[in-house]
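Order-wise, the sequence lines are chains D and R.
Per this note's numbering, residue 1 is the first one in the first sequence, and the count goes up by one each step.
Per this note's numbering, residue 1 is the first one in the second sequence, and the count goes up by one each step.
Derived by calculation from the structure, the hints in this document are not laboratory data.
The C-beta atom is built at its ideal place from N, Cα and C for all residues, glycine as well.
Take these hints with a grain of salt, some might be off.
Unchecked claim - Just a few of them, taken from the derived set where beta-carbon distance is under 10 Å, the chain R residues facing chain D:
| hint | residue |
| --- | --- |
| 1 | R123 |
| 2 | K171 |
| 3 | F174 |
| 4 | D182 |
| 5 | I191 |
| 6 | D192 |
| 7 | F194 |
| 8 | K195 |
| 9 | S226 |
| 10 | S295 |
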Amino acid sequence: MLEINNLDVSYDKIQVIWDLSLKISNNEAVGIFGPNGSGKSTLIKAIMGLVSAGSGEVIYNGESITDFETHNITKKGIALVPQRRELFPLMSVKENLRLGAAYIPKARKRIEENLQSIYQIFPILKEREKQLAGTMSGGQQRMLAVGRALMSNPKLLILDEPSIGLQPSLVTDLFKKLNEIKKQDVSVLLAEQNVRQGLKVIDRGYVLENGKIAFADNAEKLSNNEHIQKTYLGL
Amino acid sequence: MNKKAILIILTALAVVLPFFTGAYVLSIFISIFVFLSLSLSWDMMLRTGQLSFGTAGFFGIGAYASALAVANLGLNPILSIILGGLFSAIIAFALGFVVLRLREIYFAITTLALTHVFSVIIRNLSDITGGASGTILPNAIFNGDPKLIYWAILLITFMVIGISEMFKRTKIRFAINSIRNDETTAKSSGIDVFKYLLLVFVITSAIQGVIGAFYAQQFAFVNPESTFSLNFLLLPIAMALVGGIYTTSGPIIGALILGLISEYLKLLIPYGHLVVYGVIIVLVVLFLPEGIFKSVKKLFASKDNVGSDINAQS
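Bound-form chain D, shown alone:
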C-alpha cells in the first residue's frame, strides 16, 4: 500500500536520508529501527509531508503523495502518532479523540462507532473520558495519542517512537495494544529505538543506519542477526 522509492531528504545542505526504498503491504506491520540520528523521524516526516523530499517518491495506493500537504495525506488514510507533544493537554480525553476525526470528512460520519471501538482497545480511555488529557500519566497519554490517530480511520498507522519516556512495563502494554490494532485491518509503521520490544510487534523490519537501510528482513531473521543482536539487543 505504501511504497517509497529512492528517497533523499536533506536539511539545508546536510543529507539525512540516502536513496532509501521500502515497502509496506496491506495489513502488514513494518518496523524501522535504528539509533538516534539514524533518520527514522525524518523518514516519517517525509512520508507525512512535514519535510519535503529532495528526490525520490512516496506512493500510497498507487498515487504519488510526495508533494501532498500533511492534512491531505491524513485525509487519504495515513495517521501519525508524533513523537511527544501529541495531545491537547487542556482538552478532555473525549475531546482529544473527537478532534482526531473532526476534520476528516470520512471519519466524521463514524465518530461514535470509532469511539466505541477505541474504548474497546483502551478501556482506560473510556473510564477517563472527561479527564483533561494533560493530567493523565505518560502511558495513558500515549494510549490516547494512539487512540486519537485511530479516530481518523486510517489504513496506515505511523508511530514515531511510541516507547520513548515510558517505563518498560508500559511499553509492553502499549505494544500489546498495537498487536490488537493490527488485527483491525490497519497497517502499522513503527519507528523504534527499542528494538527488543519492537520486534515483538512487527512482521518485517528495516534497520536504518546513517540514513541508509543496513538490513531488511522479517522479524524472526532480524532477531537472529548477529550484528543486530550485538548492536541493538546487547546479546
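Following the hints, complete the assembly by docking chain R onto the known chain D.
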C-alpha cells in the same frame, strides 16, 4: 446567579445608556468600545498562537480607506465603514500568503513592520492621502450626534463579540486551539493549518479595519501620525493581558477596567496619569498573570467544576 440574565441586563443597560447620560460619559464608552473591539480582535489572532503586532496597521488602512472614499468619492459614511473593513481584509488576505509562513517573533516583528510600511506609503502618496498633514472630512458621521455614534460602535462591538464567541463554540475552535498547541499534531489531524490561519488573519484584520474606519468617521480626520499610532496596538494588548487572554470576557473586562481607570486618573492626576496607568498594568501582569477574569473565576470555582473551568480557558 443566572449568567444569562446578567448578560441580558448588561446588554440592555449598554443599549439604553445614552438616555441617562450626557456626551462626556458617552465619549468615554465610545472610546472603550473602540479599544475593546481591537483588543478582542488581537486576542482572536493570539488564540491561533500567532502574536500579531499589526493591529494598528490594519486599523490605519481601514481608517484611510474609509476617509478617502468619503472625501474623494463622496461615499456614504456608513458604507465607508464597511469599505474600510473590506479593504483591510483584502490587504490581509494578500499579505497573509507571505507573513503567515512566519512564526513566533518573526511573525510579530513583520506585522509591526507592516504597520510602519503602511504609514510610510500613505505619507508619500500625498496626492491622494494628503500626505503628512492628513485629510479632513467636511462632516463627522451622523453629524457628530454622540447617541447615534455610541449606538453604532455598540452594534459593531456586539458583532465582534459574536464573532469571538463563534470562534469559541464552533468547529473552528478545535482547529485554532490545536494549531496553537502543536502544528504537527494539528496537521496530522487533517487540519489545513494555513487555511485556518489565513481565515482568522483576514477576519481579525477586517475587524480592525472597521474599527479604524469608524474612528476616522467619528473624528472626521485621518493623518499618518495619529491614525497609525501605536496606541491602537499597545492599549488593546494591555487590555487583553489585564482581562485575560484566550477568552471573550477577558478583553471585555480588561477594556472596561483600563478604560475607566485611565479616564478617572486623567481627572485625578492630569499630569502623570499615564505613569500610574502603566504601574497598574505591570502589577496585574506580575500578580495576576492569567488576567483578572480567570483569576476571579478561579476564586469562585467550586471544586467539582474545576475541570470545566480549565476547559473553558483552552
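Structure-based check of all given hints:
Given hint, R:R123 at the interface with chain D, is violated; its Cβ is 40 Å from that chain's nearest Cβ, farther than 10 Å. This hint holds: R:K171 has a C-beta 6 Å from the nearest C-beta of chain D, less than the 10 Å allowed. A distance limit of 10 Å between C-beta atoms decides the matter here; for R:F174 the minimum to chain D is near 5 Å, and the interface restraint holds. Nearest Cβ of chain D to the Cβ of R:D182: about 5 Å, under the 10 Å cut. The hint holds.
At about 5 Å, the closest approach between the beta carbon of R:I191 and any beta carbon in chain D falls short of 10 Å, and the interface hint on this residue holds. Interface hint status for R:D192: upheld, as the beta-carbon distance to the closest one in chain D is roughly 5 Å, under 10 Å. For R:F194, the shortest C-beta to C-beta distance to chain D is roughly 8 Å, which falls under 10 Å, so the interface hint holds. Contact between R:K195 and chain D, as hinted, is supported at the beta carbon level, the nearest pair being about 9 Å apart and thus within 10 Å.
The beta carbon of R:S226 comes no nearer than 40 Å to any beta carbon in chain D, farther than 10 Å, and the hint placing it at the interface is violated. Interface restraint check for R:S295: the shortest CB-CB distance to chain D comes to about 17 Å, outside 10 Å, so the restraint is violated.
Hint compliance for this structure: hints 1, 9, 10 are not met, and every other hint is.
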